[in-house]
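Enquirer: Start from chain A and add chains B, C, D and E according to the hints.
Here are the chains, one letter per residue:
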Amino acid sequence: MKFIYPEWHRLHHQDQQKALKRAADKSGLPPGSLVHIGAVHELDSRISVVQYNEEKLVEYNELSYTELGRFHHKESITWINVDGLSDTRIVERIGREFNIHPLVLEDILSTHQRPKLEEYDDYFYLVVKGISMHPSDNLRLQYDQISILLLANHVITFKERGDDVFQSVYHRLKNPRGRLRKSGSDYLAYVLLDTIVDEYFVVEEGLDDVFERLEDDLLMGTGSNVLQTIQQIRRELITMKRNISPLRELLTTIKRSDTTLLTESTLRYFEDIHDHVLRVTDTLESYREIIASLQDVYLSSISNKMNETMKVLTIFASIFIPLTFIAGVYGMNFEYMPELKWRWGYPVLWAVFISIGLGLLALFKKKKWL
Amino acid sequence: MKFIYPEWHRLHHQDQQKALKRAADKSGLPPGSLVHIGAVHELDSRISVVQYNEEKLVEYNELSYTELGRFHHKESITWINVDGLSDTRIVERIGREFNIHPLVLEDILSTHQRPKLEEYDDYFYLVVKGISMHPSDNLRLQYDQISILLLANHVITFKERGDDVFQSVYHRLKNPRGRLRKSGSDYLAYVLLDTIVDEYFVVEEGLDDVFERLEDDLLMGTGSNVLQTIQQIRRELITMKRNISPLRELLTTIKRSDTTLLTESTLRYFEDIHDHVLRVTDTLESYREIIASLQDVYLSSISNKMNETMKVLTIFASIFIPLTFIAGVYGMNFEYMPELKWRWGYPVLWAVFISIGLGLLALFKKKKWL
Amino acid sequence: MKFIYPEWHRLHHQDQQKALKRAADKSGLPPGSLVHIGAVHELDSRISVVQYNEEKLVEYNELSYTELGRFHHKESITWINVDGLSDTRIVERIGREFNIHPLVLEDILSTHQRPKLEEYDDYFYLVVKGISMHPSDNLRLQYDQISILLLANHVITFKERGDDVFQSVYHRLKNPRGRLRKSGSDYLAYVLLDTIVDEYFVVEEGLDDVFERLEDDLLMGTGSNVLQTIQQIRRELITMKRNISPLRELLTTIKRSDTTLLTESTLRYFEDIHDHVLRVTDTLESYREIIASLQDVYLSSISNKMNETMKVLTIFASIFIPLTFIAGVYGMNFEYMPELKWRWGYPVLWAVFISIGLGLLALFKKKKWL
Amino acid sequence: MKFIYPEWHRLHHQDQQKALKRAADKSGLPPGSLVHIGAVHELDSRISVVQYNEEKLVEYNELSYTELGRFHHKESITWINVDGLSDTRIVERIGREFNIHPLVLEDILSTHQRPKLEEYDDYFYLVVKGISMHPSDNLRLQYDQISILLLANHVITFKERGDDVFQSVYHRLKNPRGRLRKSGSDYLAYVLLDTIVDEYFVVEEGLDDVFERLEDDLLMGTGSNVLQTIQQIRRELITMKRNISPLRELLTTIKRSDTTLLTESTLRYFEDIHDHVLRVTDTLESYREIIASLQDVYLSSISNKMNETMKVLTIFASIFIPLTFIAGVYGMNFEYMPELKWRWGYPVLWAVFISIGLGLLALFKKKKWL
Amino acid sequence: MKFIYPEWHRLHHQDQQKALKRAADKSGLPPGSLVHIGAVHELDSRISVVQYNEEKLVEYNELSYTELGRFHHKESITWINVDGLSDTRIVERIGREFNIHPLVLEDILSTHQRPKLEEYDDYFYLVVKGISMHPSDNLRLQYDQISILLLANHVITFKERGDDVFQSVYHRLKNPRGRLRKSGSDYLAYVLLDTIVDEYFVVEEGLDDVFERLEDDLLMGTGSNVLQTIQQIRRELITMKRNISPLRELLTTIKRSDTTLLTESTLRYFEDIHDHVLRVTDTLESYREIIASLQDVYLSSISNKMNETMKVLTIFASIFIPLTFIAGVYGMNFEYMPELKWRWGYPVLWAVFISIGLGLLALFKKKKWL
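Residue numbers (numbering that gives the first Met the number 0), protein chains in the order written: chain A, 0 to 369; chain B, 0 to 369; chain C, 0 to 369; chain D, 0 to 369; chain E, 0 to 369.
This is chain A alone, in the form it adopts within the complex (with noise of 0.2 Å):
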């Protein structure tokens, strides 16, 4: 099944209007009727299984939505994941088969959700944000939709784009003496959220860069679009701070959470990836310091400029419109005009000229405007 939905996270781009709008159309349906609401891409969904314990690991891929039922399996921890979400009635079969809330359900297919944690009798709903750097515009920013749905044996992740953000996780758990082979799904999703979260530190290395870019620039005096630029990075520094931010509360409630879905031993991890997102929001926010200190060197730069530019033209107007006027003196046609007539009349102006234009460049190398 093919669909165009449209984008959301980015701001000012042709397409969040029409997924505005079709938030906006979506008012007049029933809360709860599941539709895709999200960003354009034409991807089929896909569904890959891994089904492991301390013993043995199997792996699905390719999956159709009606061989979703054959995992409620006890023995070993189940992790789905689906990519894309066009496909809504994947989340339709997966709501049916574990029990799911239909808001929950909606939050799924809609991708412009506030980082988020929601607690259910026998399972977690998160919603994060994956944030890797545009393909080819270093400049932007590309959001990717992740919900994760915790159940005492099963994790259901579900991401919007294709891209392969887990396969970290896949290499580990095909690792018989890790760690996460001896644990339970909490731990598993302790990985998931911590490989999520480890992206915003390359993300910010990425903006790094271009800082320093920035700063060259402005050193250099080239760059004409500098303004744009920072412009462009204070808004993708909003976006994330937007998509980043709700993460701290969230992990908080984890903390204080006091539900039987999550081991003691598996709190202290997710503490760390606590102080992890406090570390990433620090950084942003000295980065926001930062770009808003780059704007000022900027500003302080055109003025500076100005200042130049008429510092040009008043040492050379300021000169030569004095010598001008002695020289129109004796341009005159006065019948008596002694000057005129001397001998050295001529060689004395120009030596007056000189004195004068020497004079004054003095007085400007002493205002230090040379």
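Source of the hints: derived by calculation from the structure; they are not laboratory data. Heads up, none of these hints are tricks.
One copy or any two copies: either way a pair holds, since identical chains are not told apart in the list.
Calculated pairs, SDA-like style, for lysine to any residue (alpha carbon to alpha carbon, straight line, at most 20 Å):
| id | residue 1 | residue 2 |
| --- | --- | --- |
| 1 | Lys365 | Leu217 |
| 2 | Lys240 | Thr282 |
| 3 | Lys367 | Asn303 |
| 4 | Lys366 | Asn303 |
| 5 | Lys173 | Val48 |
| 6 | Lys304 | Leu359 |
| 7 | Lys367 | Val225 |
Expert: Using the frame of chain A, we list chains B, C, D and E on its own:
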């Protein structure tokens, strides 16, 4: 009954001052006397009632306020909607029939309330603001105060304007298999509030449109009233924030309320609205930052233009002022000016003129002014 | 008794410094000694008393402070109002009669209090600020400290100024069927506070008026003292905020109080005032943002004007400086200047002048400077 | 014992760096060793003691630290005041006599404490800052660290400077009928703190004075160092805030304390100081906003002046440059220039000059530049 | 074992990006695997141990990690200090010997932690940042991550760098009568933390120095890179704040902790550190305001300079342009120009020139331009 009543919510609107004046006038009246204080729109009050349960649905339109007594029915849910507040007898009658506190009645009629929730023993009183784009001016927003009374078997809504924001709810009610028909009055209240909040997304879409045009204008250097548009939007955002942000607190209060009016399962849905409101306010917050960034771009564009003007002046003046001086020198009437007699004096001077001119042009080229 | 006493609330008012000085002088006195510290208005203290219950109402005017002992009556509500604080004997006597804490008496007489509420065992002490436009200067506000003592059967009010803010309450009291006559002293206190808060809306209306004129002035480019007006309003808003915002906290304290002085049903009414105060402070907050936005408009208007000045200069200079140079060239006195001899030299040069002029004009037109 | 010790509180003061250096030096010493770290004033320590009860009062001056042991008297209140901290033996001895924690003794001697309150089992330790105008420079403030130890029957105060801030308390103590003589040590502590806080109002009065002069300077365009004054005050406000605002928290802690050192009735008085501190900090906050607004006025005044300069230049240049061109034209030496031969050429040209000049003047008049 | 590892804390440092990259690389590794992530300094890890009680003190230096097993001694306090983190086997071994959580070991090795405190059943884990001036560049700060493990009888510290910040603690330990020798491991931890925090004051002293030089540069108009210095300090302050402010929270947590690791009396001392940290952060906050104020001064100084340039230009142009025009007039070649024939025409014209010049100079004097 026709009535001229002033508008409150648009800042700097002439009518607002009348509203303020009236509020002041009213300060002499005993608190609790029913007077309509609000925006000017000559709208006759219209009452419509929908009575429904799982089996059947009956609609009544254009009722008189005297007929309001006959809807005390406990087997079905009754939704009374009042469009237009000019006829205070309706509010008075409803107050008497359903035993509503006089302060609530007064608040329903004053259309300059902050969004709020008041819990009474056997009903809830909610005030929220419907927001829509002004039909003729896409930089102006229109506010519509909507009061919702939630009783055990009744929902009573009062709308300042006669718009059709609840149209979609009517349609959904008519679907006999919808969840709405199977649920209580609390679910109806949820659907109404959800509909109002969904409108906010449409408004934000409109603002996004305006941002895009603003950016284009800024880039092209066109749009002489860019600054005024920016200021206008800044103010709309201020007003919008004032009318939306109290909703967060309101929905938190609902969540924490230990009332019997709301069933456990409906509370989940209200939490969903809470999420939506958080998303709306997050977006508003980033819009405020974006508009600030646009203003910064505008201000630097002025500085840049001034700089460019200065450069043109400096180039012209710096090239021609020295040349004019030299021409002035050879326009002097000294008797002994040997150059004047030279055969090639004039052509040589032209060569000097041209080399000075080209030299200065090269200098300005080096300074990146050309 | 006449008394010269300095004003506190107007920043940068000469008298304020006297107030500060006096506060400093008082630092030598024992805390608790009754001295009037406040604004300069030579007002004799005036006592008036209204005693009422559901059946009857008796008014006493121009009483002497010695007569205050005879109003200990439990069958009716007694409202004692004191206008003007110059006669400290009144406050002293009331303190003795009703057993009021010396610090409260001292606070009543110092008219530079922050709005606050103090709960004592058998009475409440409230200080709030009445605000009104200055009669002669619509950019200045006037503050009036109003102290309210709420006892079981008495309400005692002290007003710094002799204005008629409570006039409407008198009128309402005279209506024998009003709710006021049937309720206790707590309801009277509510009505008084409500009256004071309603005045704030009138003041905000006045500011709104000023905003509108400011905006017109900014658009028209008239109004040489726009900046001063903006700064003046900025400060008035600072002062207003300082005098109003503590009310929020004050009313929250009332709500949470477990006193017997306030009945359950009156508390509802105080909550209503809380809503009003929130509205007032929200509006104040947006006024602050609006004034900041007006200032931004003002500053860019200066930049724009400078830009325009620059353009005029650049156009004139850039057109005529090259022409003057050419004219200067043909004013030179070289013997061999063949052009000077040409028959059409002069007209041809005029053609050159005109084409250069028109060319440059076209250039500036293209740059959108004309 | 003479001792050179550096000052802490004045930012950018040479001595401060010494203080910092010393603090760094001290980092090698064990915490708890008694060394005086503070501002440079060569002041001998002076001890004075007042012992009083309702019946009698005895004063001791210029005591030696060895005599401190004889004031353990329970029938009267003993106030020990130490002016100047250079003699660390006094602090040591008091610590031993009254069993004070070593960290408290250390804090008494380091005069760069934040205002704070520490509760110990049988005493309270309070540090606050006395503030006064610098005697010779009305833009500088002077800080005086005052430590107050409140015991059951003793109050011990340590003052960094030898000023007479407590003079008025001495006077009041001498009044045998004053409340002070009838109350316990807690009331004395209150009176001392009240006296210190009252000084803040005097300082704010002084700042108000400076504001007024600044405003006049700004309006008159005089005062070349307006910006420096503004920056100086900005910093003084920063320092003042840092030294006053912790008092709010301190007084809240006192209110909530369940100590037996403070009687219920004295707590009321401390609440009164809390109000004063809130007023002081509110005023400080508005001073910060006022200073920001003054800076805005200053910056726009620069822009305005530049604009005016530009206008003068533009008017002169725009009028005379075209005229000069025309004069230049008729200074050309073409053989065939018929106008030169006309009888009325010269007067007509003057008419042209004058009309062009007047025309341009009219234009600038219309632009409101004149 | 040599190891190249990138630095984290200095923004815009090339190595930081490597750190980020490595953090990203590590996202593929299982959480809990011990890899050193940190700044580049090729430092061999060095272990030193001090074992002491009231009677004796033994020191061990240059230990191998294999010898760490023999310090499980309960009669004395053991302080193990590790300088340099390149040898991960040390951390691993300590983890095994003292039963430390793997996440803690991981955090010790990643030197880009936020300061934090983690409470475990039988130990505390503290991370703080040591800060020092860069030895060669007084505008740059150096960060040193210091991990402190507090056990019942052991304190284990890990330092990223090999500096001598703990030197003074060694000295104090050697004093057999010091409080340190008589107290438990908690007091040692306090002394170590106190030493680190005291270093912050030294750093602030250095910044103060820089401020002073900046101010001088601003006043003298020298210092072409003032803006860059300001921006550099702004960023250092941002980073510093990020590394210090979490300490406040950390120390509050310690205070509230109900652990048996800290004795009541040592808690008092930790409160003292809390005060110091508050003072440091208060100072940082005012430094941020001071740097903002310096930037304002810098920006106005640019505007002022431009204004001055404009004035020079205007004065020259306004005086000589009219004079040049007049000279141009009498350079015209009209046949009938009577003035040219006048005997005193030329001297009179000079008089006119001089009076116009002086008149304009007087005008500019009046405008305060000279």
